[in-house]
Amino acid sequence: MVLQTPHAPEPVESIIPLASEDLKRKDYASDVDTRWCPGCGDYSILAQMQRGLSNLNVAPEKMVFVSGIGCSSRFPYYMNTYGMHSIHGRAPTIASGLKLARPDLMVFVITGDGDALSIGGNHLLHVLRRNMDVKIFLFNNRIYGLTKGQYSPTSELGKVTKSSPIGTTERPLNPLSVALASEATFVARTFDTDPQHLTATIEQAARHHGAAFVEILQNCNIFNDRAFADYTDRDVRNERLLYLEHGQPMLFGENEDKGLAVSATGLRVVDTDGPDAGLILSHDATRPAPDVHQLLARCQYPEMPVPMGVIRRVNAPTYGDYIDSQIEVAKFKNRQDVAQLLRGRSTWQVE
Amino acid sequence: MTTTSTKANGSGNSSMPIQERDRVTVRFAGDSGDGMQLAGNRFADATAIFGNDFSTLPDFPAEIRAPAGSLAGVSSFQISFSKHQIFTPGDEPDTLVAMNPAALKSHLSALTKGGLLVINEDAFTSGNLKKANYPSNPLSDGSLEGYRIIKAPITTAAVAAVDDLGLSNQNAERTKNFFALGLVYWLYDRDLQPTLDWIEERFGRLPNIAEANRRALFAGHSYGETTEIADAHVRVPPAVLTPGEYRTITGNQAMVLGLITAAHLTDLELFYGSYPITPASDILVELAALREYGVRTFQAEDEISAVGTAIGASYGGGLGVTGTSGPGIALKSEAINLAVMTELPLIVLDVQRSGPSTGMPTKTEQTDLLQVMYGRNGESPLCVLAAKSPGDCFYMVLEAVRLAFQFVTPVILLSDTYLANTAEPWPVPDITQLEPIDIPYRRLEQVDPEDFEPYKRDPDTLARMFIPPGLPDLQHRIGGLEKSDITGDVAYSPENHQRMTDLRAAKIAGIANFIPELEVDGPESGDLLVLSWGSTYGAVFTAVNDAREAGHEVAHAHLQYLNPFPRNLSDVVSRYEKVLIPEANTGQLRMLVRANFLVDAKGYNEVTGQPLSARLLTEAIRKLADE
Ligand code: SF4
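These protein sequence lines are chains A and B, in that order.
Numbering-wise (our numbering), the first sequence opens with residue 1 and increments by one.
Numbering-wise (our numbering), the second sequence opens with residue 1 and increments by one.
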């Protein structure tokens, strides 16, 4: 049987359960004391999450934060919403079951590089490919913080950590590439020290109908300080980051004097006043083929500017849309008679 | 050796009187490609409609297709039918249908002395004999001395019957199971009509195949009629069962119906997260076809996701269920423990199979009891139930759902391969007569936010105040970290951890006040109590009765509640000199009973992958009774 695509108005936006009154940032903060190290990037993410939700005016009682294990996974405790601090790597599974049972709830997953890409790698692939209507925020600090400093699946090759005293011997995963390869319908990157960008990205993810994957570069000032500073520090940002805007040319540089163009082998940097300026691409987040999106995901400092923002945002029915429409059709076509079901194909009478 | 004619042209003597018997057990055995499960199931259907009580035992190889004709590829289906109520598929068949040498080799030792062999002589080629490791042909070397034998050219006769239908050779030969079935129908005086109806329903759209199967069935039947094998013509009169409407049911089907019924009774959305695993997969497959009942089946990426999604659904206020077998339970343990710590209602179906590791995936065992009791980190009490028969799976699912919601706890329901696949007649329940199932969180929805604390407990059940997300002013967080009593906040204090450990234990122990007491069948006290649990009920019941007939005073009690035990169990086991605990494991319930009640219980244990043998158990009971 061909799956019927549920009717979807353009553009598909997730239905956000709204609060009945105007809520402020503090209305989303619980009274639990935060327990991250002073200076941790998680504080900023928490503040911007609360801000983003208040901008959207989400009803706190209709929101659930589900997390796994790790520093980032303590996040739900600090939100004045419902929440579950679950087990290592499994938050996407709990979030999936919850969202399927309760489509009226808005379900966010908070995870880290170890939680999502190491122990929970399998679940991440599948929650994304199923386009489950949950929003996943991966706080990437390229280290295991809670267990005090072992390397993670995003730590760079050769990195010296407590569990790799003479350097790691494994290559890191690129979270965005993993998400794109998993057929994610919304893929974005942002970072802890740009509050506006962080808030805006959170809001866009919340509005997406389907699985949203957001990598948040997060500084762990205790075990992996300044891991992203080379390109996220205020004074170098404009030169080394590429802020993506759908429909806009991909320009960067202090004076927007550089842009990205396609080369035979991928993307390349060209000058806006050079001969190839006309080849500079516009960013198309809605492009169905993930080819350019993958090339963007692979742009790394120092060879290339590091992309920030929504790389991909495409419309597709969610897992819940499919299953709900199957149920609806089945209810229409077939009788619901439990007494008859119990009888099965045939019965006989004993006198 | 009695060899009846093998020629189909003999002058039939069907006027010879049919012998009457109380109970007969037939085993169909052949290559996995020979259609033995199909033949057995048709026989069971015809037997149900005829009105015997019956019980079936399918047994198939784990390999999808082992090499044709090999010993590894033998598949069998046993059915026992009786004019009395029966509780097992029988230990030793009276009749063995062997479609090839490998089937004969694998199953001959089970056949009762002097039993009837129905043999497809066409399959006894030198190639097949070699594959079955027969140095010489058993049909001619005298090694079958002592059995009655019907040697029939089943393949050639079936092919001849469908000759003019223009089927491929392969399709023509495939009808041989219907020929064999027709022959066995004649032997046991079964009506062909239910099978003819089934053929029409199943193959109606392939008229040629339908016609071929019909013809093969008739040909086999006439073969019986026209060949002088009348001494094997046997009739088992209908059984006297409690009047009512009956259907055939397997344990896995009963699980499915139980879940749908529970969702209906509670008006909860059913969510079933599962990863395909033998022998539990059928539950997923059958539920997936019932979307009209609002069932959300979720074929997870792994066992952990299967239980994780079920926990998510439960947390959301749904009826979250996951189903698996032993290896899957091992993978789910950490997540089940999350449900223990967060105190959420969760149903886990464990259709046990033979282990350790991959073990024998299609064979039965009761070896997960200690795993589900203790196979998790920390002090992790939860409720454990076990079904005793295929039909009982239905009622135990309802019970599991009732307890999960009343006590806000995970409940593990144990079944096994044997219950999953075995079929029996089942009185169709009247849903209007089923007990309603209370969902306490619905009453809590009216709670005043001032009075709400997520870990405040009901004084009677100790169930915590579980409320799914969605209600304003009640937002709270739960999780796998230790909870503070009442508030549910994260807590590390030594006193609190002790208190919460005690509370979790007391909550599960207290379930004993809300479940039936253990009933004893037989003397209230005395020499010997046989204590059983789970799928061995039928074999133990039969063995106890056989021992009683042999003059022994034996009491029998059967546990459906393993954690907590019924509150009178301690008293029951102390009233007898000897306690015998038969199990298809090395003594897991026995270990629990000895540890809990300091009773010197003895075991009767078989770990063969097959259901307990009632005959061997009878001997063990008699021996212990004589001591
Ligand atoms: S260890 Fe690192 S990531 Fe964890 S709380 Fe401290 S600074 Fe933040």
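Keep in mind the hints are simulated off the structure, nothing from the lab.
C-beta atoms are modelled at their ideal positions from N, C-alpha and C, and glycine is treated no differently.
Check the hints yourself; a few may be wrong.
[What the hints assert, rightly or not] Residues from chain A that face chain B, not an exhaustive set, calculated with beta carbons under 8 angstroms: (1) V64; (2) L105; (3) T265.
Next item on the list: Give me the numbers of the hints this structure contradicts, sorted from smallest to largest.
Entry: 3
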